[in-house]
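Participant: Read off the chains here:
2 protein chains.
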Amino acid sequence: MKLNHNGVTEPTGFYACGRYTGMKYKRRDLAIVYTEIPARYAAVFTTNQVKAASIIRNKQLLDEKSLIQAIVINSGHANSCTGQQGIVNNQKMAESLANALKLDINAVLTASTGVIGVQLPVDIINQGIEKSCVFLSSDRQGAIDAASAIMTTDTVSKEVSLQFTIDGKLVKIGAMAKGSGMIHPNMATMLAFITTDLNISQPLLQHAMSDSIIDTYNMISVDGDTSTNDMACILANGLAGNDEIIEEDENYIIFCKALNIINTELAKMIIKDGEGATKTLEATVRGAKTKDDARVLCKAIINSNLVKTAFFGEDANWGRIICAMGYSGAFMDPNGLSLAFKSRFGSIRLVENGIPLHFNEELAAEVLKGNSIEILVNLMDGDFEAKGWGCDMSYDYIRINGDYRT
Amino acid sequence: MKLNHNGVTEPTGFYACGRYTGMKYKRRDLAIVYTEIPARYAAVFTTNQVKAASIIRNKQLLDEKSLIQAIVINSGHANSCTGQQGIVNNQKMAESLANALKLDINAVLTASTGVIGVQLPVDIINQGIEKSCVFLSSDRQGAIDAASAIMTTDTVSKEVSLQFTIDGKLVKIGAMAKGSGMIHPNMATMLAFITTDLNISQPLLQHAMSDSIIDTYNMISVDGDTSTNDMACILANGLAGNDEIIEEDENYIIFCKALNIINTELAKMIIKDGEGATKTLEATVRGAKTKDDARVLCKAIINSNLVKTAFFGEDANWGRIICAMGYSGAFMDPNGLSLAFKSRFGSIRLVENGIPLHFNEELAAEVLKGNSIEILVNLMDGDFEAKGWGCDMSYDYIRINGDYRT
Chain A
1 MKLNHNGVTE PTGFYACGRY TGMKYKRRDL AIVYTEIPAR YAAVFTTNQV
51 KAASIIRNKQ LLDEKSLIQA IVINSGHANS CTGQQGIVNN QKMAESLANA
101 LKLDINAVLT ASTGVIGVQL PVDIINQGIE KSCVFLSSDR QGAIDAASAI
151 MTTDTVSKEV SLQFTIDGKL VKIGAMAKGS GMIHPNMATM LAFITTDLNI
201 SQPLLQHAMS DSIIDTYNMI SVDGDTSTND MACILANGLA GNDEIIEEDE
251 NYIIFCKALN IINTELAKMI IKDGEGATKT LEATVRGAKT KDDARVLCKA
301 IINSNLVKTA FFGEDANWGR IICAMGYSGA FMDPNGLSLA FKSRFGSIRL
351 VENGIPLHFN EELAAEVLKG NSIEILVNLM DGDFEAKGWG CDMSYDYIRI
401 NGDYRT
Chain B
1 MKLNHNGVTE PTGFYACGRY TGMKYKRRDL AIVYTEIPAR YAAVFTTNQV
51 KAASIIRNKQ LLDEKSLIQA IVINSGHANS CTGQQGIVNN QKMAESLANA
101 LKLDINAVLT ASTGVIGVQL PVDIINQGIE KSCVFLSSDR QGAIDAASAI
151 MTTDTVSKEV SLQFTIDGKL VKIGAMAKGS GMIHPNMATM LAFITTDLNI
201 SQPLLQHAMS DSIIDTYNMI SVDGDTSTND MACILANGLA GNDEIIEEDE
251 NYIIFCKALN IINTELAKMI IKDGEGATKT LEATVRGAKT KDDARVLCKA
301 IINSNLVKTA FFGEDANWGR IICAMGYSGA FMDPNGLSLA FKSRFGSIRL
351 VENGIPLHFN EELAAEVLKG NSIEILVNLM DGDFEAKGWG CDMSYDYIRI
401 NGDYRT
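In order, the protein sequences belong to chains A and B. My numbering numbers the first residue of the first sequence as 1 and each following residue consecutively. My numbering numbers the first residue of the second sequence as 1 and each following residue consecutively.
No lab work stands behind these hints: they were computed from the structure. If you're wondering where the values come from, they're calculated on a predicted model, not measured in any experiment. Hints are all accurate, no fakes.
Ranges between beta-carbon positions, derived for each pair: (1) A:Asn-335 x B:Leu-3: 39 to 45 Å; (2) A:Ile-355 x B:Tyr-25: 23 to 29 Å; (3) A:Thr-165 x B:Arg-399: 50 to 56 Å; (4) A:Ile-355 x B:Lys-2: 48 to 54 Å; (5) B:Ile-253 x A:Ser-372: 57 to 63 Å.
We put the beta carbon where it would ideally sit given N, CA and C, even for glycine.
For reference, chain A alone in the conformation it holds in the complex (with noise of 0.2 Å):
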C-alpha cells in the first residue's frame, strides 16, 4: 500500500471545494465534501465535557446511523460555548448546504474550528454555502482547495490517500486534517476527514474507524490541551463495487491496515506542523508492562513541558524524560531502565539498566540537531511497547498562542 497526498476527492464519487466568504481575512474559510451517492458514516469525537454545537449534531446523526452525504466545514469560529443560539446557528449552517444541494438535513454534517465563545456569522456562512457549491469539484484542485481552507493556526494543510485491492476490485482512500495547537492524545484533538469508495457495513465501519485512533491520533500531543470540537469522521460511499464487508475476514483486516496508514501519517503530518514546532518527536516505549502503561508512558513524554522545552534548546536533559515517566500514573522501574536518542546525525545512549552513562556532549549536541528526534526508552518491566509523537515547544508557540484572536 503506496501512501500519496491526493485527498479527500480521490475515492470515486467524492467532491470537494474551499472558497473565501469573508469570515477570514484573504484565507479561504469554508469547505464542503459532498459523495454522489449517500455515504455510510463511521466517527470519533472529543471527550471534552463541553462539546461544540457541529459535535452535538454529528453526534446525534451518528446515533441515528444517518446515511451522510455531505459535510461542510467552517474555519474561524469555534461555534463552541455559545449557548442555545449556536446550536441554532449550527443547524442553520446544515440547512444551508441541505436547500444548495437539495439533500436531506439529516444527509449533512457540520464542523467548526477557531476561536471558542464567538457566534457564528451566520449570515456570511450562508451565503457563502450557496455560492460555494458550484464550485464543487471532483479533481484534485477541490481537494487541495478543501484542505486548505480547514487550517487555522496549520501553516500547511494536510492530505493523505491510499488504494488497495480487494476481491479485484480497486478501492481508494483519501483523507484532509487540520491540526496544529490544542492537540493533546485524547481523542481526537483535530479534524481529520476521510473517504473512501468501499462497500463496508457501518457497525465496521464505525468499529475500524475507533480501533485505529487509540494508536494514531490519541498518541500526539502539541500542547496538552484536549478542545471541544475535535472529530475524526470517514464516508464509505460503495462505489469500489466490493462486496460489503460484513465481517472482519481478511477483506476488513486489509482495510483496517489501510485506514491505520492513513491515520497514523495524518497525526504524524499535525505534530510536525505543532504551533511553533522546529522538531518532531518519537517516542517509543519497550518493555513495559501492559500495553496501556506503554501508552501512558510515551504521552507522558511528548506532553511533557520540560522536555518538549529541553528538545528545543537541542539540550541532552534526559532526567526529564524519566521524571515525567514517572509521574504519568503508569508502572515504570527506573532501575531496569535504558534510554537513548537517535535522528540522521546517529544515536546516543544515556542511561543503561537504570545507571546513568557519561556520554560525550558533543555527540549528543550533534544527535539533537536533527529535526526528527526518537526517544527510545526500554523498561525490562515486560513485553509490550508503544509509539507516541510530539514536538518541541519553541518561542513560536508563545507567541502564536500569547495572540490567537488578534
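Since the structure of chain A is already known, use the hints to place chain B on it.
Facilitator: Only chain B this time, still in chain A's reference frame:
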C-alpha cells in the same frame, strides 16, 4: 497573625547557613538548618514514582519517627536517577553533616535540587559541609543565606514567618522554600523547610502538615511537571515551652491556621517566581458539585498552556478556560456557568449563565494589563469552592528551559 519574612531562624533554637562550595559557579549551593535540641519531624513527599535518593532516605526516617536535628541541602544536582551510586552519595552527605555536628546520622535529613541524572560531586559537598558548619547562625543572616543557597532557577529567595500565642507562650514559625519550574499541583513540587518552636506530638504535626498541603502546594502549577525531589518538611523543637499539643483542640486549630498561612504564602511566592512568569493567576471556582471537582477545575485552568499563553499575550481568549475545565475530568455543566476576570485595573464579566457576553475589548485589555489576575468562575452546579494559583507562560519559560543544563 501577621505574616513576616524572617525565615527558618525565626523560632527559638534554630540555626542556619548558606555557603558557596564550588558546585555552582559563583552562587551559594549548600544550606544547613540546625536545631539545638532534636525536633519532631513531619513531611510530605513527591508522588513521582521516580524518587531522588534524598527522598527515599527522608521517607524512611519519617517512617521510623526519627527525631531530627539538622538538614543539609545542596542545589545544582538533584541526585535522582543516579542508581545505587546516588543512594551511597546521599548517605555520605548525611554522614558528613552528622560527623561535623556530632549527631547520630539518623538525626540528619538531606535534600537535593537541580539537574536529574548526574552524580553528586561528593568530595566537594563533604568538604563544603565541614567548612560550613562554623557559619551556622541563629541570626536573620543565617536564614537569608540558607534561603538563597537552595535556589536553582528561582530569581528571588522565599522566606516567611509568623508568631502566635498558645497558652500564653509565644510560638514562632519560620520557613524557606525553593521552586520555580517543574511545578505542578501534585504534592510536593518544590522544597519547603519549615521550623517551629511549638511543642506538639509527631502524629499531630504530620496531620497538620498533610492537611495543609491540599489547598496550598497542591493547588499551584507552573508547568505541569511533578519533580522527583519534592518535599515539604517541618521541624518542631518545642522550645516555645507550651504544653505539648496532643489532641485536635483549639491550640491545634490555631497552629493549623498559622501553618496554612505559611504554606499559602510560600505557594504563592513560588508561583510569582514561576519560570518566565510575567503575571500570576488566581483561579477561583465556585458552585462546584464537590470540593474535589472544584480543585480539579482550578488546576485544569492554571495548568493549561493555552490559558497561560493567552494571559501572557493579554488576550481575553476566555474560551480556553472553559475548554480546560471541560477536559479536566471533573463535572461541570457549561450552561449555568459565569466567568469574569479581575485585576487592580478593574474587572470584566465575560460569560453569564452559559451565554457569552458582548464585552468591551478595550476594558478587557486594560484589566489584563494587571500583573496579578483573578479568574472567577461560578458553575451553579453545587456549593463547593476552591482556589488555585498559576502563572502565565512567556518566551522566558522557553529560554530558561531550553538550556537549563548549559
